[in-house]
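Undergrad: Take a look at the letters that make up each chain.
2 protein chains.
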Amino acid sequence: MAATSSTPLLKDELDIVIPTIRNLDFLEMWRPFFQPYHLIIVQDGDPAKVIKVPEGFDYELYNRNDVNRILGPKASCISFKDSACRCFGYMVSKKKYIYTIDDDCFVAKDPSGKDINALEQHIKNLLSPSTPFFFNTLYDPYRDGADFVRGYPFSLREGAPTAVSHGLWLNIPDYDAPTQLVKPRERNNRYVDAVLTIPKGTLFPMCGMNLAFDRELIGPAMYFGLMGDGQPIGRYDDMWAGWCTKVITDHLSLGIKTGLPYIWHSKASNPFVNLKKEYNGIFWQEELIPFFQSVALPKDATTVQKCYLELAKQVKAKLGKVDGYFLKLADAMVTWIEAWDELNPPKGAITTTTKVPAPKSK
Amino acid sequence: MAATSSTPLLKDELDIVIPTIRNLDFLEMWRPFFQPYHLIIVQDGDPAKVIKVPEGFDYELYNRNDVNRILGPKASCISFKDSACRCFGYMVSKKKYIYTIDDDCFVAKDPSGKDINALEQHIKNLLSPSTPFFFNTLYDPYRDGADFVRGYPFSLREGAPTAVSHGLWLNIPDYDAPTQLVKPRERNNRYVDAVLTIPKGTLFPMCGMNLAFDRELIGPAMYFGLMGDGQPIGRYDDMWAGWCTKVITDHLSLGIKTGLPYIWHSKASNPFVNLKKEYNGIFWQEELIPFFQSVALPKDATTVQKCYLELAKQVKAKLGKVDGYFLKLADAMVTWIEAWDELNPPKGAITTTTKVPAPKSK
Chain A
2 MAATSSTPLL KDELDIVIPT IRNLDFLEMW RPFFQPYHLI IVQDGDPAKV IKVPEGFDYE
62 LYNRNDVNRI LGPKASCISF KDSACRCFGY MVSKKKYIYT IDDDCFVAKD PSGKDINALE
122 QHIKNLLSPS TPFFFNTLYD PYRDGADFVR GYPFSLREGA PTAVSHGLWL NIPDYDAPTQ
182 LVKPRERNNR YVDAVLTIPK GTLFPMCGMN LAFDRELIGP AMYFGLMGDG QPIGRYDDMW
242 AGWCTKVITD HLSLGIKTGL PYIWHSKASN PFVNLKKEYN GIFWQEELIP FFQSVALPKD
302 ATTVQKCYLE LAKQVKAKLG KVDGYFLKLA DAMVTWIEAW DELNPPKGAI TTTTKVPAPK
362 SK
Chain B
2 MAATSSTPLL KDELDIVIPT IRNLDFLEMW RPFFQPYHLI IVQDGDPAKV IKVPEGFDYE
62 LYNRNDVNRI LGPKASCISF KDSACRCFGY MVSKKKYIYT IDDDCFVAKD PSGKDINALE
122 QHIKNLLSPS TPFFFNTLYD PYRDGADFVR GYPFSLREGA PTAVSHGLWL NIPDYDAPTQ
182 LVKPRERNNR YVDAVLTIPK GTLFPMCGMN LAFDRELIGP AMYFGLMGDG QPIGRYDDMW
242 AGWCTKVITD HLSLGIKTGL PYIWHSKASN PFVNLKKEYN GIFWQEELIP FFQSVALPKD
302 ATTVQKCYLE LAKQVKAKLG KVDGYFLKLA DAMVTWIEAW DELNPPKGAI TTTTKVPAPK
362 SK
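Chains A and B supply the protein sequences, listed in that same order. Numbered by the working numbering, the letters in the first sequence go through residues 2 to 363 in order. Numbered by the working numbering, the letters in the second sequence go through residues 2 to 363 in order.
The reader is advised that the hints may include incorrect statements.
The list cannot tell twin chains apart, which means a pair is met if one copy fits it or any two copies do.
Stated by the list, open to error - Pairs of lysine to aspartate or glutamate, EDC-like flavour, derived with a Cα cap of 16 Å:
1) K319 - D148
2) K75 - D332
3) K96 - D215
4) K75 - D342
5) K184 - D145
6) K125 - D145
7) K348 - D230
8) K184 - D148
9) K268 - D103
10) K300 - D251
11) K96 - E217
Just so you know, these hints were derived from the structure itself, not from any lab.
With the rest of the complex left out, here is chain A (with noise of 0.2 Å):
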């Protein structure tokens, strides 16, 4: 198969959304791969800077002046000066199915040397269903040249379908403050060449760095929290999201898929700045974990925000006497979910709600 196939996949049904405070010279790597799809840029930081994108792509750009004007108060839920901003992009989105990654991310190789489309595997694993109920020791069985293994049971072949795809690196691993600390030079050399799903019940670290995910399915969930600017912990965004939507994707029946593909994770960034902005979460982190492996939702929470609405409640009620950040988030997640339902009203819905003005485009 060609590296970009003639009719790229979910053409127009996917949006690429990246968080920046540079020049986007990192997607001229990404040309071949990205350029047929719509971007949806979300500059952090001093809005008076203006971020450069080549010739050619089609995009839309947010810059914190924007995000305050279409959100109003409701603009509190996102992050400033992290990273976390993306979510906004997620959200302004008119698509089906979102692709994120961070701007030192780089085209990788396979083993073979040719260059690997990271999006059209994500999209691949997005389409084929996961299999979360019960574990295939030959990794994906919906893949060519694989199947279900003797000992699968057949009532649970259909699988479920997947609403995130979880791409990995090659290069800088990604790793926290203390480990990057320990392991200066460590690499990641391995390609490992499967994609999984990974089991209900089981809790995962999910890195934004190189993600995608069906909005429809999961998009509400997919909020990056309160960090950076003025809040007590950074580098927490995704993690936080993840295990938000690992406990809703089980508790409605869909799959996260882990593996393929690689992107080529250029720099790390400086272990210091990353322990003073990381120290809390790896504090808190062991008291959220329980709470997460343990959180209970409730029969009648049958869509994504009524089980976020009920997360939020238990965030609340649980994990505010961890500290008073946990309150502040609780709250945000719930402003998060009105702002997602203003911008993003029930199909056939009549909304009396302004419309979203357009942002700067090329």
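With the hints as your guide, set chain B onto chain A.
TA: Only chain B this time, still in chain A's reference frame:
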């Protein structure tokens, strides 16, 4: 690293168990890797047949007459005319570790063309911890060049003791009869360079073709059931052992790894014969999986034996209604534990049972 290291790992602490009905010519290919170890050969079928073992291997061989003589009336729990008989070898071993392999499995090559020392990889898997409580997206964090990723709780980084290492197969995949019939030409050519822990609470199809385990941690759960001659089912021996084992390792906070190493599985078994063996299992399995998914072991079940006897009780109570076979199987599970304890008295215990008579050996 050389294909065979100068001092083989666990040389005096591991037995290789091989069930067979034919001459063991396949051992020639394994000689560089297996010769330092002791073999336990369980001869299935006609005891009058002489099984030839290549020169230079250190082995003991048991045929059905030996099984009957050693176990007396308890021999009823050991299957006949089915590779399930291999679990007799687990019982008579005096070593801490077991590796079991089918006699149609050969040495596979890694992508660089090098012969894979499957046993060495299994030993590495068993000697490093598992991570059943939280998923690590870069796979086995204890492997060289890998670690726990950002967001992995630090309190869980010690992992859990590894009880089982489940290896995979290149060439002929381990498919059930219906899949064999539908995809007669499918071959597994994908070398996935990963080892991972099956998360807690997740069942998997454990294949007995290429399997290692820690006898001291989990041995008594590795009962391969009643299959073959006189039984209404075959080819579910390893599956049954796997489901029981997984429930018990979860309860005892032990880990099970799957992935590397690969062996080369040379020849597909006859799908028509397999279908006859499997059809009851394919049907019953739909009730077995929900049973194993919901089984709860009591807190005071703190040893594998206690867990297994409790499981036998629940099999009798809850699966008897599926088919009378499960009443027989539940009784056989109890017999198996009695026989196990007779041959493996607690260390330091005064035992009045007669010693196991010496088997045929070189």
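Undergrad: A separate judgement is required for each hint: does it hold in the structure or not?
TA: Evaluated hints:
no., hint, in the structure
1, K319 - D148, "neither (42 Å within a copy, 31 Å between copies)"
2, K75 - D332, "within (11 Å within a copy, 65 Å between copies)"
3, K96 - D215, "within (9 Å within a copy, 51 Å between copies)"
4, K75 - D342, "within (12 Å within a copy, 67 Å between copies)"
5, K184 - D145, "between (37 Å within a copy, 12 Å between copies)"
6, K125 - D145, "within (11 Å within a copy, 30 Å between copies)"
7, K348 - D230, "neither (35 Å within a copy, 62 Å between copies)"
8, K184 - D148, "between (38 Å within a copy, 9 Å between copies)"
9, K268 - D103, "within (11 Å within a copy, 47 Å between copies)"
10, K300 - D251, "within (12 Å within a copy, 27 Å between copies)"
11, K96 - E217, "within (8 Å within a copy, 55 Å between copies)"
Checked against the numbered hints given earlier, this structure breaks hints 1, 7; the rest are met.
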